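**Student:** Which chain is which? The protein sequence lines are B and D, in order. Be aware that the first sequence starts at 656, since it is given in my numbering, and climbs by one per residue. Be aware that the second sequence starts at 2, since it is given in my numbering, and climbs by one per residue.
Source of the hints: derived by calculation from the structure; they are not laboratory data. A few of these clues could be false.
[Claimed, not checked] What the simulated footprint calls covered on chain D by chain B, stretch by stretch (three residues with Cβ under 8 Å from a Cβ of chain B suffice, anywhere in the stretch; the number is not a length): (1) 38-45; (2) 61-74; (3) 127-139.
Owing to the predicted nature of the structure, the values given are computational and were not obtained by experimental measurement. Ideal Cβ placement from N, Cα and C applies to all residues, glycine included.
In case you want the letters, here they are:
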Amino acid sequence: MRRNLRPSPSSTSAALPGLGSSGKKQPTLFHIRKALPWYLFIAPASLMLLALLAYPLIDTLRLSLFKWGGLGPQTFVGLRNFVKLFGDEIFWLALRNSFIFAIVVPFFTVSLGLFLGVAISRRLKGWQIYRIAFFIPVMMSGVVVATLWANMFEFNHGLFNTVLRGIGLDGLAQNWLGDRNVALISVMLVPIWQSVGFPMIVLLAAIEGIPQDMHDAATMDGVNEWQRIWGLILPLIKPVLASITMLSIIGAMKVFDLVLVMTKGGPAFSTQVLGYYLFETAFRSGDFGYGSAIAVVMFMVVFVIAYGYVRGVRIESVEY
Amino acid sequence: MAAEDRDRRSAGWLFGSSLRPIVYGLLIVGALVQVYPIFFLLMNTFKTDTQILNTPFSLPTRFSLAAYIDVWTGDRTGMFFGRYFLNSVIVVIATLVLMLVISSLCGYAMARGQFPGNSTLHQALLLSLAVPAHALAIPLYFFVGDLGLRNSLVGLTLVYATIGAPFTIILMRAYFMHLPVELEEAARIDGCGRLGVFLRIVAPISRGPIAGMAIININWIWSELFFSLILMNKVDVRTLPLAIALYKPAPMTVETVLGLQYAAMAIATIPVLIMFFLFQRQIASGMTMGAFK
């Protein structure tokens, strides 16, 4: 039915109704007339997406082949920006750190979130309080959290060093954000702290969506609680676990706010990440062509991960 | 009855287990670790810099709102957080309104309409979910500049609404597909046009899901830093996150630099906390839905 209404590929009559062959003219005209209101419905969103999403994306690809300082002529340089990237140590550091971020942060948030989700779903005493406590930081703005933690990490008067010195562990007091061997770890602690409640709340919903009769059946089989968790709960929430993991990986790959506020990529580029390097190159050094090349790499890395995820999850069908 | 059963049984596993104290210990310590920094933030807004630095754990000796008033008015600091707060509120509301209008129109057409390009549009939207916004930044900076909308809340609103639109459209489409079509058909027979049907029948009964979309999106718009940093160079058009990230009071004018910074952070955080306690359930379910982004 629906197929029949579509213009055949050989005819352009959809776009030019007057030019259709006489045999097809009637249904096509009718169809266009019927479709017209719908085009008006999608027009505002489509125009905005074309102008502010599709066009900039294509233009990033184009600019990555140019050398451009933002003003004046753009010089075509072919793939030279990418060749330069290949030999750029800071770029490799940024790429490496982005990947470390994307592995370490989700590993901790998802596994801790899973633990919390299971514990809370079993209605341990005070479960409402734990749920709220772990969820509040998720709501806070990244900049506030980063500023707060930067103050707590401060060497002379920050909360951490004050506590460590106070209990006589002066040796453990660190220059948390100023030591290149420690800074990346310090920075990664912050999103783990902030977002552990996110997988928790999602996994909790998934666990609570498990039908009661499956629990009853397991009870009748006399399973102990470890078997219940590993044999019943985990297999059933596996799709949700997979999607929350992917989502956390994608989010960590795009880290920016934290690095800007806490370290600006330093010391000695030990916390440089793709998003911040792109920002610095383009908007601080004014090298927009090279910045676009970094953007293209970042786009490809994120897109490959994210598109696999978008394909894998059917957004419409997930219901808990 | 079922719930009771479940509680009794679920209690059993930990009561009998030697792991129980460990699990409780982890939960309690974890909850303290999560909440204490926020408490610390709020308490520091009432303390002097000396108190913040030298006695971080002590409670404030006085509860005066002086620091809040100072950053809000900006008279002494040159940082007008009242203004930034208002900028953020305007951008959030404008973005939500614009995004929800275009997204529900588009999602509705995609769910109900049969027109060439419908499935292409759907594919394109799915693809666009996978695009990191950073990859758009450089051309957007120049394009928004060409439109004369740099340093303008309008420009920021357009960018935010576009970034949030694909996901919102996809969810709205899914919702409308599940919405029974009978009411709309009745209205059509009564001579109502497509837009009339949408405005008079569909939009009113969809208030709930549309509000849900607002809740999913409100948080990231309130917190967004990257595009605000790129597009808003003038001081008086800054949004709250940008103003906090670039916090630098005029030198030698105030002695409580840290206290004021904490007050500025609290100004960005308190509305979020209030919203959280008002809409806890909706936020949690919205986040869960959003997780399938």
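**Student:** Now tell me, hint by hint, if it's right for this structure.
**Tutor:** A quick look at each hint next to the structure:
no. : hint    : result
1   : 38-45   : holds (count 4)
2   : 61-74   : violated (count 0)
3   : 127-139 : holds (count 13)
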